[in-house]
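As given, the protein sequences belong to chains A and B, one line each in that order. Residues in the first sequence are numbered consecutively from 1, following the working numbering. Residues in the second sequence are numbered consecutively from 1, following the working numbering.
Heads up, a few of these hints could be off.
As the list claims (entries may be wrong) - List time: in silico BS3-like cross-link candidates among lysine-lysine, alpha-carbon distance up to 27 Å:
# : chain 1 : residue 1 : chain 2 : residue 2
1 : A       : K3        : B       : K71
2 : B       : K50       : A       : K90
3 : B       : K50       : A       : K3
Because the hints were derived from the structure by calculation, they are not lab data. On a predicted model such as this, the values are computed, not experimentally measured, just so you know.
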Amino acid sequence: MPKVIYRQPDGSENAVEVPAGWSLMEAAIQNDVDGIVAECGGGCACATCHVYVDDAFLERLPPISDMEGDMLECTAAERRPGSRLSCQIKMSDTLDGLVVTIPDRQT
Amino acid sequence: MSAPPFIVVGGGQAGLQVCDSLRKLGYDGQLVLFAEEPVLPYQRPPLSKKYLGGELAAERLLFRPASHYEKLDIDVRLGVTVTTIDRTRREIECSDGSRLAYARLALATGTRVRQLGCPGAEHPAVLYVRTLADSDALRARLADAQRLVVVGGGFIGLEVAAMARQLGKDVIVLEALERLMARAVSAGISDYYAALHRGHGVDVRLATAVDAIEPAANGVSVLTSHGDRLPADVVVAGIGVVANEEIAAAAGLECRNGIVVDDHARTSDPLIVAAGDCTMHMNGYLGREIRLESVQNAVDQARVAAAAMCDRPERYVQVPWFWSDQYDVKLQIAGIGMPFDECVQRGDVGAGSFSMFYFRGGALCGADSVNRAADHMACRRLLAQGTMITPAEVADEGVDLMQRARG
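Start from the sequences and build out the full structure, keeping to the hints where you can.
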């Protein structure tokens, strides 16, 4: 199963195995990773599952949809080049080892 | 002897949020969460959307895994209903006969569906969508059904209609009022959604009520107020919800279409707070009492309720927001736009990406956005800050609303 590493703002890490097809947000929630709020449960409606994806993986990710792009303009923590909504990234084998950093706030 | 626990009644989104927020605020005493349903707290919005379509397994609906409750030391009592609040003895009584004393009590009892009142409504082909069990039952029934009649053109009814169309069912939507989602959105949005559903092959009938449901050889017949007799394998009624306020009312707490709380989520009893769909609350943002059925209200008001339980009161001043997914169209609602004095459009209805912005007394009071998240988020920010903006500015796509919101 592909693995994702969630890095907290303080540098601590959780490595989580994610079934293919699950979103990064769901995997965080179901493994009780702190800092992913996901108020809307994956509807791309709240921008509270914001993560910073490590540079090395950016090109392997699916493109940012218009909806996600709009929501990323409105995150509580600043938008950076690696900013994504974790509900919009579905896990796959090509993303094995993905590292994402969780921002210090979501609301 | 240790102090009695803080007790949270209700295993929905608000109940869980009260628990999480209590721990975050540093409450380290005993914490008990009573959930009526036999499952850990889960998300309801997908029940009429992706989950109904079979795109999600039930385990993926859970807000948090079981380990979360262990980690936060939350004593979850599943499948137990709290039947009585004894305010004099500061105890609750449960459906299993047990009694438990509380130091503080939070009521997050939610709502239940309003039942169809017409003759024949108790037929087993008439279903509702509120709980996981409801959605499972509907999904099972839809598997062998072809003809669906949806009673009620509100969010739940329309989301079910959209999903059923995507599953290839024949769908008729009956709405008693002149337009869809009339309580929440303006006519422009209602008209767009009527056309959207009709374009997907839904038979949308406005100003049409249900007079009776009659058993038929194969399912039922739905008799409409226009005298039509519509054959159906399944009927889904989405005609609103009723606040679960009975235990509060029986305990002498003030209730008026919901458990009445102030803008700190406090009831008239200083030891008891309430949050979520079940409250008729003083909304600090709106400056008036309202009952809201939404994720936003559940989460934000629950945080306020937890703060009050910890004697660190905060005001509930968050801007209301809401969303609905139908087909590939996302409707996002910011603020409370109804009733408005003036309504201006931004974007292109024909292109399926537009917003309606509402003004009351010269000030922006809300917006409904269709596939237009940037407008929605900008509006939420403009409302939260009370930024002055004119209808002309909003209508001008050359004006960057987020820029204006940022000041």
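| query | Which numbered hints are broken by the structure, listed smallest first? | reply | Of the numbered hints, all hold.
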